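Asks: The primary structure of each chain is shown beneath.
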Amino acid sequence: MTVSQEKQITILGIETSCDETSAAVLVDGVNLRSHIISSQIVTHQKYGGVVPEIASREHSLHIRPVVEQALAEASVGFKDLSAIAVTYGPGLVGSLLVGVSGAKAMAYAAGIPLLGINHLEGHIYANFLEHQDLEFPLLALLVSGGHTHLIVFKDHGRYEVLGYTRDDAAGEALDKVARALGLGYPGGPQIQKAAQDGNEQAFKFPRAMLEPGSLDFSFSGMKSAVLNALNSARMRGETLNVPDLAASFQQAVVDVLVHKALLALQQTGVKTLLLAGGVAANRLLRESLEYELSRQKVRLVYPSPVFCTDNGAMIAAAGYYHFLAGDAAPWTLNAVPGLNLKSL
Amino acid sequence: MKYLTIDTTTKVSAIALAEDGKVVAEGFLHTSKTHSERIIPMLDQLFAAAAWTLSQLELIGVVRGPGSFTGIRIGIATAQGLAQVLKLPLAGILSLDALAWAGWGRDEDIVPILDARKNEWYTARYRWTAESASAECLMAPQALSISECLEQLKELKQRICFIGDAAGKAKQEIEAALGDRAIVLPDYLSLPRGAYAAQEVWRRWQEIGAGEKVEPFYIRFSEAEVNWAKKERARKGENHE
Ligand SMILES: [Zn+2]
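These protein sequences, in sequence, are chains A and B.
Just so we're aligned, residue 1 is where the first sequence starts under our numbering, counting upward by one.
Just so we're aligned, residue 1 is where the second sequence starts under our numbering, counting upward by one.
Any given hint could be a false lead.
[To be verified] Chain B is faced by these chain A residues, among others (derived, beta-carbon under 10 Å):
#, residue
1, V51
2, P52
3, S60
4, L61
5, K79
6, K104
7, P243
Hints listed in this document are in silico derivations from the structure and should not be mistaken for laboratory results.
Only a predicted model underlies this, so the values are computations on that prediction, with no experimental measurement involved.
For glycine and all other residues, C-beta sits at the position ideal for the given N, C-alpha and C.
The following block holds chain A by itself, in its conformation from the complex (with noise of 0.2 Å):
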């Protein structure tokens, strides 16, 4: 694929990996020139979580509107599309078929490249939307309901994972907790809001640092700490301080995250670090994140809320990226629920 200069590169991006249906056409890679998100919050409310196979009936019933909105807002047809880009992995795998057999037929039909697109890069490229200076090297901290990865960029698409999870993600870990609280789904903000009025020292959780040097996480010890406490209050016939104990467990998760991205970025030298996924649009994060950061002179840089959780914008911002290094997917590609972080 050779690009000239004067042509516009129009990408349309579509997500169905979870629970939203989300398209958005982005041109140049930071012109946005339409975003819709149709959310399934409310459907999934009553279950308590996101039910897959649910989540797939509505991405089935949305995917067609939401892409002819997404083309509309922007006042674009098929004809005008350079790439279509979508969510591949990792994902709920009906969910993420739609998206994926949906787009390619759109590919198809209009001539154009498929664009096979990883859906945590896509969380990370949601920054370069609204920051068109990002230098490389740059040190991404991906938070969100499914992961938590430290991951340094040294250009695009080549990038190392330097430490992940080895349990459960940080949101994974705070939707748990917020449900035993009674707080509901989804977590992180629920827990946000009741930690207002909470007291953050009032509960002593532990926080797993794993050996010294390690970049990797552990949520697990955290969150049954939280759900022990819980527990062993209920036998004694107690009720604890709900916002005391949403705010203990939010700190603790906090310091962990800053933690080890300070330790990345001490390791690694970047000057930069990113923030990405649903988690960090959490107010107390950003907030840590930011007074550390400034000490160290590291700038630290994240997406706006709406584009923090899943959506089509961040698909596009990434295929952008992958459309100008000529990789287009083949008309094999096949949804890959557990797709890891590996470079071009």
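Chain B with the ligand: place on chain A using the hints.
Replies: Same frame as chain A, now just chain B with the ligand:
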């Protein structure tokens, strides 16, 4: 009128290019690969072999269930994606209606059976009559336990012809229940085929005359919905006492 049909509701990927009800090219893959990997390459090869172009298409037909939930969605997403770009009308048909065409003109009642897991079949019953241009549906599509289905068919006096991806596997069980009143067609006749869908899509198109919105036809609710409804009923039951 040139059209394409897509059927991914079982383990078979079946597609056809057809014109005015006549099949021009047919693709059938029953391999270990997934629909997602097979369907567009297959389509591409079929168009090349038939020397057709996408721009010649005027209609896309898709089998919208019942069958594998994931398969249903892959078929619909593919058909919709193509139709959206090419600005073509869609027609949606049922897998069991399409399979009825495999028993065209036979005297027996036609009973398509598709593997619905958990010892159940997606099934329906049809009858061809001399003057009919399509099979008459005597029992609407439903999910039935295998034993219940065979019990019901035992009550009937007619001979029954079984078709579908569950037929081969259940041959002994069917013959044990129905004896020589049962005919079980072999796989090469009774698995979903592009040709069958092409017939049913053409019939459907004569009926609707314009494109339609195509949504999945699952028959079953998801397990989570069923369990939730059960719990709700239990909760309400307790409240009454
Ligand atoms: Zn995500």
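Asks: Against each hint, give a clear statement of whether it holds in the structure.
Replies: How the hints compare with the structure:
1. V51: Holds - the Cβ of V51(A) comes within 10 Å of chain B, reaching about 4 Å at its closest.
2. P52: holds (9 Å)
3. S60: holds (5 Å)
4. L61: holds (7 Å)
5. K79: holds (9 Å)
6. K104: holds (5 Å)
7. P243: Violated: closest Cβ of chain B sits about 29 Å from P243(A), beyond 10 Å.
The structure shown violates just one earlier hint, number 7.
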